[in-house]
Amino acid sequence: MIRTDEIVKRYRNGTVALHGITLDLDERVTAVIGMNGAGKTTLIRILSTQLEPTSGKAEINGLDIMKNASQIRKNIVSIPQEASPIGILTPFEHVKLYLVGRGMSMSEAERNANISLDQLELREFKHKPSDTLSGGMKRKVFVAMALSANVDTIFLDEPTTGLDPLSRMEVWSAIRQLEGNVILTTHYMDEAHELSDEVVMIHGGKVLEKGNVKSLLSRFKGLVRVETTVPQEKGLQIGRLYIKYVKEEDAEKYLGEGYNIKRITLDDLFISRGMALES
Amino acid sequence: MNLRFVGLLAWYYGFRTIIRGPSYIIASLSAPLTLLFIIYIISAGTLVKYAIIGGFIGLVASVALSSSGDAAFFRLQLRIQDLFVASSITPVDYILGLTMSYLVFSFPGIILYVALGTYYHLFTLISALALALILITLVMSTSAISFIIASSIGHIRNVWGIAGILSVVMTVLPPTFYPYTYLPQVAIYALAISPATPAAILAQGVFHLAPFHMGMAYFMVAQTVFYYALARYLTRWRQR
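Residue numbers (my numbering), protein chains in the order written: chain E, 1 to 279; chain X, 1001 to 1240.
Next up, chain X with everything else stripped away, as it sits in the complex (with noise of 0.2 Å):
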């Protein structure tokens, strides 16, 4: 693995569109930030904290997620990925590269909701450090999706709307902004197909808003596993 190139993809493309594309980073807050306020006004406030925390997993998830438009796009329209694939740049290394690239460019957001949640006292130093393993492990997870996605999309026309889609499906239908315990059991088991939903039960446990469920971070974990294994089947750097 060449963890240069790594590292220089990821703080290029998500440090450079911090700076250059300033609009991207309100794009990316803006619904998390929406669903922040109604929560806050319909649950007069009683829901703030999961909105919080899900807010944290649902701007992860949702720049992770919409990744796959940029997936696509560099390699139907600007051909990025073909230079690659005729190089000694591997798959493993491109996918990462886009991966913490996105981490890299969810600071931002994730800045201004540490300072929410340090105004409404939410972290203790271990929920803090749990909360970035599972932002980290959900950045992988949901990544490998996109670029499941990226991959098998034909043609660039069809690259936003599908992310689009998939960004909302995938984040704000889970329980990322309120209680897990909400939901039957049936569909706690469907929604687990998005990394945020595992994501979210085991923050809400973490932070003691709901009951805390150690089966899912072993789910986490197999999930992001299982999507980077699919990624790696489903996806061919040198096509056929």
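Only chain E is shown next, with the shape it has when bound in the complex (with noise of 0.2 Å):
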């Protein structure tokens, strides 16, 4: 369970990553959305103890993350955005240092290190070098660690950022082994989508939306998205293409050419309320 509250981080030269947010996460898997700089990571590196805030508190089950920060550590991992292994390190020496670090016995580490990367389908790597692997490879060597841990609460930021379509559903495939709580931060609607039980959209530093995917998409009932290249008086503008949202049996109107029509997905989340503020 992760309760904050009117957290706020301004940082150095100034600039306000995030305006009082107030949550409280306690579903299995929580993707926190938005756009880039929108303060998703500010808050999960402020959660996970490697950021303090400007102001405001936060608890993990029950522990304050300024006062009770090596306890909160013994039972969280956070994997940062964009990490990536030490090139002569191999998957399975990575695991085991981390989980050496973590206060296991050498012989536990191995083993938890095995199994873990065995789960995740990396037996027939974990000998060899990190700098060999594909980049979805590298991603699951992190996701290990955080599989082997044993830990309440597992950060992963953005775990899937510039990995191809099928090494990330390598990586999903790994998240869902995970136990205990996840918050991850994404800014891939599909990955939400796929993996959460809760959404939390965070926009300028602000909540702005917060519940599980299907009351979230409650508001496009009944609705479909078309999408055009030709100039609209009424809907939303991202470059040259023009958005709206019609009832599904007004969409047979846009079948002609130049026309696309979606099915309603969290996406559509993302485009109404992050272009209707950022407009």
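Derived from the structure by calculation, the hints contain no laboratory data.
A couple of the hints might just be wrong.
[Claimed, not checked] Computed Cβ-Cβ distance ranges for the label pairs, DEER-style: (1) R1240(X) with K206(E): 35 to 45 Å; (2) W1160(X) with K128(E): 23 to 33 Å; (3) N260(E) with R1020(X): 43 to 53 Å.
Yeah, the Cβ is synthetic: ideal placement off N, Cα and C, and Gly gets one too.
Once you've looked at the hints, go ahead and assemble the two chains, each given alone in its own frame, into the complex.
Encoded structure:
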């Protein structure tokens, strides 16, 4: 259970990344979504005790992130955005080193490292230097660390950024195997849809939306998205693309050339809320 | 302190680099061996013993100082330090682990210099033990400096440049490869900012190449404690 109360983060250069975030997170997998610069990474770094907030409070399982940081650190794993393994070390060496650092004995760390790497289908690569692995496999090395650490709370900051579709699916499969509460940030809406029980949308350092995917999309019930390059008076404009939402029964009118009709997804929450605020 | 982690990091990052990236060993040896060659030629062999003893110090100090590049790379590019911060790994464990890994990484070079020292009949049991103590202290103080530098580097593009400058200025300028008696007192004070200076002065005394200076032993220990304390004070494990 994570609870935040009016978390504010102001960096030294004056940038305010978080404007008083108040949240309760208690679902098994929570996805924090938002545009680049929305404050997702700052929030994750504060919650995982890597960064001090300017003001406000936060607790993880009843422990204060400022006063009880060392106790919290025993029960969390945080995989930073774009973390990459050390090229000369193997996946097995990474996971073992991390687990020994967390206080496990050598034999326990070796056993857990082997189990997690095998579970994530890295068996045949676990003794190869990490710089020979694909991007997806490198990310899975970090998921293996999280999997083998046996902790209550896992933070994953944009775990699939820059990966090809197949690698992303591999990492998704690995994330599904994690136990405990998982808080992941992403700007891939399909990722949030696939993996999360609850979605928190952040924009400009504030919480815009919170709820499960079904409830968040209920406002679009009976609608479809129409995309076109034909200028529209009503609707949202993204570059040269015009977007509007129409009733399913009216969609037939847009079956002509120059129009695309799309099913409603979390992208639409992102587009409608994000674009409305941007404009 | 988690000594298992310190030992494992030292072994993995020190030893695995030797096995899987041998070019780094040659790179770390190239500067002291080149200086050894030049000093041998210019002094017609008379200063070769200084260059061998200086080689130990230059090698260990330059490897440890170059490590600021690695530490900054881990923090800024690989984000390994962030991973460690959000766990029960402490900054002392991390700094010590990296420090020890550079000591392991220096072993092939040390062996080469031991061979050269043996050939020139430099060693006695006492002097060898004293040199080992000097080198261990040196690697600790230079690693602390490295960690301070690594923590203050804001962008990855500056990492290797700063590490390179630091390595040359702090190991070649001090009386590492020449008798410290050549220097005026004021220059020794100025160069004492580099741990290689007291290390070289002590080592030259231990091997009877120059007058022994016991005060430098106390200075070196105090300097190591100071740089470690400074590293703990200036570098923030959890960022603000």
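Hint check:
Separation of R1240(X) from K206(E) is about 22 Å and departs from the stated range, judged on CB atoms against 35 to 45 Å. For W1160(X) paired with K128(E), a C-beta distance near 26 Å keeps the hint of 23 to 33 Å intact. Against the hinted window of 43 to 53 Å, the Cβ-Cβ separation of N260(E) and R1020(X) comes to about 50 Å, which satisfies the hint.
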